[in-house]
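**Q** Next come the chains, spelled out residue by residue.
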Amino acid sequence: MLFNSWGYLLFLLICVGLYWSLPQRRLRIGLVSVASIAFYAMWRWEFSLLVVFSAFVDFFVSKRIAAATELAARKKWLLCSLIINLGLLIFFKYTYFIYDNISIIAGAVNTSLPALNDLGVKIILPLGISFYTFQTISYSIDVYRKTIEPLDDFVLFTAYVMFWPQLIAGPILRAGEVIPELDSEKRFSFEDLAEGFERIVIGLFKKVVFADTLALVVDPIFTQEAALLTAVDVWVAAFLFGFQIYFDFSGYSDVAIGSARLLGIKFPENFNWPYVSNSPKDFWGRWHISLGSWIRDYLYLPLTGQKFQTKSQGGLVGATMDKKSADRALFLTWLIMGFWHGAAWTFALWGVYHAVWIFAYRRFGPLKNLSKRVPLVAIGLMLLISMAGWLPFRANSVADTMTMFGTLLNPFKYTLNGHRVTIYSYALALLLTMGQFGAYYLQKVQLRDSKATIVGLRIVRQALMICAILICLERVQTFIYFQF
Amino acid sequence: MAKDFDPKNFGLGKNTHSFVNQFEDMQISGFADDVTNLVRTVRKFREDGAKTFLWLGASQLHSINQPNPGDKLAVTYANQTSTQKSANRRYVQLSEPNANFHELWAMLHSVISKTNVDGVILGFTYDDLNEPGLRKSLIPFYRASPIESELLEEQQSTEKSAELATNKTPQAWLENILVDQIEGRLTAFQKRGLIRAYIEAMYKNWIVQAIFAVKKKPQVKLIPDRQKWNEKAFTRIREKLSEQEIPLIVYKAPHQPGMKPFYHPRKPFDHYHENLSKTLTSSKNSHYFDFETIVDSSHWGINAAGQPDAFHFTVVGHRILGKAVDDAIQKLEVDNAL
Chain R
1 MLFNSWGYLL FLLICVGLYW SLPQRRLRIG LVSVASIAFY AMWRWEFSLL VVFSAFVDFF
61 VSKRIAAATE LAARKKWLLC SLIINLGLLI FFKYTYFIYD NISIIAGAVN TSLPALNDLG
121 VKIILPLGIS FYTFQTISYS IDVYRKTIEP LDDFVLFTAY VMFWPQLIAG PILRAGEVIP
181 ELDSEKRFSF EDLAEGFERI VIGLFKKVVF ADTLALVVDP IFTQEAALLT AVDVWVAAFL
241 FGFQIYFDFS GYSDVAIGSA RLLGIKFPEN FNWPYVSNSP KDFWGRWHIS LGSWIRDYLY
301 LPLTGQKFQT KSQGGLVGAT MDKKSADRAL FLTWLIMGFW HGAAWTFALW GVYHAVWIFA
361 YRRFGPLKNL SKRVPLVAIG LMLLISMAGW LPFRANSVAD TMTMFGTLLN PFKYTLNGHR
421 VTIYSYALAL LLTMGQFGAY YLQKVQLRDS KATIVGLRIV RQALMICAIL ICLERVQTFI
481 YFQF
Chain L
1 MAKDFDPKNF GLGKNTHSFV NQFEDMQISG FADDVTNLVR TVRKFREDGA KTFLWLGASQ
61 LHSINQPNPG DKLAVTYANQ TSTQKSANRR YVQLSEPNAN FHELWAMLHS VISKTNVDGV
121 ILGFTYDDLN EPGLRKSLIP FYRASPIESE LLEEQQSTEK SAELATNKTP QAWLENILVD
181 QIEGRLTAFQ KRGLIRAYIE AMYKNWIVQA IFAVKKKPQV KLIPDRQKWN EKAFTRIREK
241 LSEQEIPLIV YKAPHQPGMK PFYHPRKPFD HYHENLSKTL TSSKNSHYFD FETIVDSSHW
301 GINAAGQPDA FHFTVVGHRI LGKAVDDAIQ KLEVDNAL
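Order-wise, the sequence lines are chains R and L.
Numbering of the first sequence is given in the working numbering, commencing with residue 1 and proceeding in unit increments.
Numbering of the second sequence is given in the working numbering, commencing with residue 1 and proceeding in unit increments.
Errors might be hidden in some of the hints.
[Stated by the list, open to error] Pairs of lysine-lysine residues, derived as BS3-like cross-links and limited to a Cα-Cα distance of at most 30 Å, are as follows:
#, chain 1, residue 1, chain 2, residue 2
1, L, 221, R, 413
2, R, 413, L, 204
3, L, 228, R, 122
4, R, 186, R, 266
[Claimed, not checked] Derived CB-CB ranges, DEER-like:
#, chain 1, residue 1, chain 2, residue 2, range
5, R, 437, L, 178, 49 to 55 Å
6, R, 227, L, 232, 22 to 28 Å
7, L, 196, R, 409, 53 to 59 Å
8, L, 267, R, 367, 22 to 28 Å
9, L, 257, R, 415, 28 to 34 Å
10, L, 267, R, 86, 49 to 55 Å
11, R, 446, L, 34, 33 to 39 Å
12, R, 228, L, 279, 34 to 40 Å
13, L, 207, R, 461, 20 to 26 Å
14, R, 97, L, 224, 52 to 58 Å
15, R, 91, L, 267, 39 to 45 Å
[What the hints assert, rightly or not] To spell it out: a stretch of chain R is covered by chain L in this simulated footprint if at least three of its residues, at any positions, have a beta carbon under 8 Å from a beta carbon of chain L; those stretches are:
#, stretch
16, 34-47
17, 218-225
18, 271-283
19, 347-354
20, 463-473
Treat the hints as calculated values from the structure; they're not laboratory data.
Predicted model only: the values in this text are computed from it and were never measured.
Ideal Cβ placement from N, Cα and C applies to all residues, glycine included.
The whole structure should be built from the sequences, with the hints applied where relevant.
**A** Structure (structure tokens):
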């Protein structure tokens with residue numbers, strides 16, 4: 001089910017009303033499980049069975065892991081969980097990609113393979129599979145690492161895996177963070193209700209007003225022939241898409257956090273003003289924090305032999321770089337990060353792009369100390385790096401991406417003559433960039449003078465946001481991150 | 001904001017307004033909402049023995065710059081010209097602002113599925129190949145047309161943001177019911193498209209001008225995917241008319257002569273029309289006329305940014321265009337080409 005819909009508001013109203021009217025904790029957990037399955041089934045009911053199956057596998061396996069006394073047996077059961085979870089993910093998400101690449105290789109040796117569709121194979125990507133797979137895997141690994149005890153209650157476990165606010169596009173939360181919240185006795189609080197409502201309004205405002213409007217501007221730019229774009233065009237395209245994906249995904253996270261809060265459950269933050277970062281390390285501590293933290297604890301740190309952490313906060317940061325194996329781990333991790341986002345070489349390129357910059361910032365002195373010596377320059381440079389990084393993410397092919405990068409590096413392409421992007425888009429990119437810094441500054445002032453924050457002002461702000469949402473809300477607009 | 005504010009007029013530019021005309025007490029021009037009335041008019045004209053032509057196009061047809069009381073649209077002047085010549089030709093016009101070819105297809109289908117016409121006249125602006133989407137008022141006609149599902153899917157794949165199949169899901173079904181209910185009860189929500197159009201026009205014409213002090217209108221290039229998408233609908237229009245043996249008369253829409261910069265880059269614009277002319281004149285039952293420079297540069301409007309308007313002219317332009325169209329049809333009749 002999409003958050004930015006009347007259907008979701010109705011669903012939320014019913015669920016929140018029922019949740020607080022149920023007298024017992026057990027009944028509430030049962031309601032969350034059933035509602036979450038219904039939430040998923042509103043997309044395609046048959047695929048909700050797949051999520052339940054995935055949950056069942058990890059519920060069963062984690063009990064076996066905990067029961068096994070020998071390390072070899074524990075490893076065997078963990079491997080079983082990984083094979084099933086990753087097997088499903090690879091099958092649904094990467095079959096076409098793998099087959100297409102095999103076809104290309106076969107073509108190079110004059111062997112022609114039929115297209116999968118011609119063979120009668122049609123695979124639909126289940127909504128949110130990358131998110132809930134990571135969540136269930138982390139549960140089994142946490143049990144294996146003995147950082148949590150396995151649950152005996154399958155209903156509670158289903159509620160954790162399928163908890164609707166974070167089911168489709170995260171945040172990717174750890175069992176140790178969510179299960180105690182779900183399982184605790186909670187009392188109805190108007191503060192939770194008000195905070196949750198405000199957060200949902202902010203999230204919908206970001207998604208419906210900004211992200212969906214920006215999509216109308218961004219999509220036509222990326223259908224243009226890449227070679228004909230000027231460098232200014234490419235920068236504008238990168239900035240506009242950078243803002244679109246930020247508003248889209250952080251808006252989703254806001255609605256997720258707000259929806260959970262309506263049930264008295266506090267989710268950790270998933271975004272923290274990423275475009276005011278002063279280094280790649282800073283950026284990845286602010287962007288999609290729960291994914292970065294997941295990759296850090298379940299992939300990167302184990303690869304470098306360092307101690308993992310147990311919270312979905314902090315992002316993909318914090319490791320020593322004095323070993324060659326750590327460099328290899330960095331690039332491998334980012335390659336996987338890229339492929340996690342999508343089954344295409346453009347996403348792999350996106351991952352490598354970020355690995356290169358993280359590597360450069362760690363290794364080269366001038367970059368390493370930039371944020372201390374000239375903070376504003378560091379923020380400006382990082383803004384350009386992060387925005388240019390969205391080009392492979394959004395471009396139609398690796399060739400298009402390389403053409404655009406080539407344009408950015410060509411001083412003769414920095415011209416306004418023959419531009420293919422309209423002046424309105426130029427202005428929009430400029431306004432959004434200025435607005436982003438302005439909003440960040442205002443929020444800092446507001447936090448500093450939090451006592452002076454007027455309740456009336458917040459109500460007026462929300463009312464204006466709701467009006468804007470109603471003006472911009474159309475029938476079905478998906479979130480970019482749904483495809484991951 | 002004016003009480004009778006209409007974003008459609010705002011988009012037309014300064015002192016340019018849209019009109020609906022009558023001729024012989026029958027409505028002869030209108031928008032998608034007026035299809036029923038226009039079909040009635042076509043039937044009446046044909047019953048009276050007149051050869052009746054359906055004239056399709058964008059805002060140029062229904063808007064007049066600096067209008068005075070009594071000023072009429074080109075379609076009225078075309079009918080008057082025919083009457084003055086004692087000819088029995090009648091014209092009925094259906095137009096929407098920034099209409100693309102899918103919308104033109106929907107408008108055409110809305111009429112010819114209910115009544116016969118003796119010919120279809122199409123004002124081809126070139127810019128219409130760049131127009132995306134399908135306005136809500138036309139969706140019922142589009143859905144009723146036999147090509148609905150295929151083209152609708154193409155529209156979705158053209159607009160790349162929605163890559164997942166969210167149509168035909170329980171959620172889409174529920175959402176349609178809820179939105180229909182809310183739109184039916186809340187007029188302001190129903191009009192949100194117009195409000196967005198106003199905000200967009202305000203952004204383009206005031207905010208951007210204030211930031212950049214733009215003195216000239218930027219040139220617009222066609223977006224390849226969108227062009228293909230629109231051309232597909234144009235091909236459907238031609239095929240449908242050919243199948244029903246209804247003549248198609250396409251004209252290159254008048255453009256302000258000598259305007260600098262030209263709205264589109266000149267070279268691809270000329271090249272496109274050259275090819276279009278060749279294609280149409282070599283096809284059975286289709287014709288092409290070049291009306292680009294028929295309206296002198298002194299008869300054009302000013303857009304909302306205070307710059308020369310490339311598409312909308314004063315009543316003089318309407319008189320010239322109306323006469324040009326009737327003369328062209330008369331010539332085709334004389335040549336037995338209709």
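**Q** Now look at each hint and say whether the structure bears it out.
**A** Hint by hint, here is what the structure shows:
1. Pair hint residue 221 (chain L) plus residue 413 (chain R) holds up; C-alpha atoms about 18 Å apart against a cutoff of 30 Å.
2. Taking the CA atoms of residue 413 (chain R) and residue 204 (chain L), the gap is about 26 Å. The hint holds against a cut of 30 Å.
3. Restraint check for residue 228 (chain L) and residue 122 (chain R): the C-alpha separation of about 27 Å stays at or below 30 Å, so the hint holds.
4. Distance check on the hinted pair: residue 186 (chain R) and residue 266 (chain R) sit about 12 Å apart at the alpha-carbon level, within 30 Å; holds.
5. As the Cβ distance of residue 437 (chain R) to residue 178 (chain L) is approximately 38 Å, the hint placing it in 49 to 55 Å is violated.
6. Separated by about 25 Å at the C-beta atoms, residue 227 (chain R) and residue 232 (chain L) satisfy the suggested range of 22 to 28 Å.
7. Checked against the hint of 53 to 59 Å, the C-beta distance between residue 196 (chain L) and residue 409 (chain R) comes to roughly 38 Å, which is inconsistent with it.
8. Take residue 267 (chain L) and residue 367 (chain R): their Cβ atoms lie about 45 Å apart, and the range 22 to 28 Å is violated.
9. For residue 257 (chain L) paired with residue 415 (chain R), a C-beta distance near 29 Å keeps the hint of 28 to 34 Å intact.
10. In this structure, residue 267 (chain L) and residue 86 (chain R) meet the distance hint of 49 to 55 Å, their C-beta atoms being roughly 54 Å apart.
11. Checking the proposed 33 to 39 Å range against residue 446 (chain R) and residue 34 (chain L) shows it is violated: the Cβ atoms sit about 52 Å from each other.
12. The hint said 34 to 40 Å for the Cβ distance between residue 228 (chain R) and residue 279 (chain L), and at roughly 26 Å that hint is violated.
13. Restraint check, residue 207 (chain L) to residue 461 (chain R): a C-beta distance of roughly 21 Å satisfies the suggested window 20 to 26 Å.
14. Between residue 97 (chain R) and residue 224 (chain L) the CB atoms are about 25 Å apart, so this pair departs from the stated range of 52 to 58 Å.
15. Remark: the range hint 39 to 45 Å for residue 91 (chain R) to residue 267 (chain L) is contradicted by a beta-carbon distance near 50 Å.
16. With 5 residues bearing a CB less than 8 Å from a CB of chain L, the stretch 34-47 of chain R meets the requirement of three and the coverage assertion stands.
17. For a cut-off of 8 Å, the count of residues in the stretch 218-225 of chain R with a CB near a CB of chain L stands at 6, and the three-residue condition holds.
18. Counting residues of the stretch 271-283 of chain R whose CB falls under 8 Å from any CB of chain L gives 0; the rule of at least 3 is not met.
19. Under the rule that three or more residues need a Cβ within less than 8 Å of chain L, the assignment of the stretch 347-354 of chain R is violated, with 0 such residues.
20. With a threshold of 8 Å between beta carbons, the proposed coverage of the stretch 463-473 of chain R by chain L holds, since 4 of its residues qualify and at least three are required.
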